[in-house]
Amino acid sequence: MIYTSSHPAQRPALLPRLPQSPLALVVITVANTLLTWDLRRRTRRQLKNLTDTELQDIGLTRDEAYTEARRLFWQG
Numbered sequence: 089m090i091y092t093s094s095h096p097a098q099r100p101a102l103l104p105r106l107p108q109s110p111l112a113l114v115v116i117t118v119a120n121t122l123l124t125w126d127l128r129r130r131t132r133r134q135l136k137n138l139t140d141t142e143l144q145d146i147g148l149t150r151d152e153a154y155t156e157a158r159r160l161f162w163q164g
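For the sequence shown, my numbering begins at 89 and goes up steadily by one.
Calculated directly from the structure, the hints in this document are not laboratory data. Keep in mind it's a predicted model, so treat the numbers as computed, not measured. It is possible that some hints are incorrect.
[Stated by the list, open to error] Each pair of labels, with its calculated beta carbon distance range:
| no. | residue 1 | residue 2 | range |
| --- | --- | --- | --- |
| 1 | Pro-110 | Asp-145 | 26 to 34 Å |
| 2 | Leu-123 | Ile-146 | 18 to 26 Å |
| 3 | Ala-112 | Gln-163 | 37 to 45 Å |
| 4 | Thr-141 | Arg-105 | 40 to 48 Å |
| 5 | Thr-155 | Trp-125 | 32 to 40 Å |
| 6 | Trp-162 | Asn-137 | 34 to 42 Å |
| 7 | Ser-109 | Arg-130 | 29 to 37 Å |
| 8 | Glu-152 | Asn-120 | 22 to 30 Å |
| 9 | Tyr-154 | Ala-119 | 29 to 37 Å |
| 10 | Ala-112 | Thr-155 | 16 to 24 Å |
| 11 | Arg-105 | Gln-144 | 26 to 34 Å |
| 12 | Ala-119 | Thr-141 | 30 to 38 Å |
| 13 | Leu-111 | Thr-139 | 44 to 52 Å |
| 14 | Gly-147 | Asp-126 | 34 to 42 Å |
A virtual CB, placed ideally from N, CA and C, is assigned to each residue, including glycine.
Based on the provided sequences and hints, a complete structural model is requested.
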């Protein structure tokens, strides 16, 4: 069966339902936050190592990359 609608009510549920336990929701929220922070930290560290050509490919200048790389991981 092919689903072409983007309306959530017309698509099958592909993700498991969130747990009903408040503790489980807290654990999931904390885990998601930690994963987001880690991804930001790694991505920003990699920005410092990109060449000027690679930065140009992603639409950043050296100064913009440096500014972003200096941001702390919890800063969105």
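- Message: Please list, smallest to largest, the hint numbers that this structure does not respect.
- Response: Failing hints, ascending: 1, 3, 5, 6, 10, 11 and 14.
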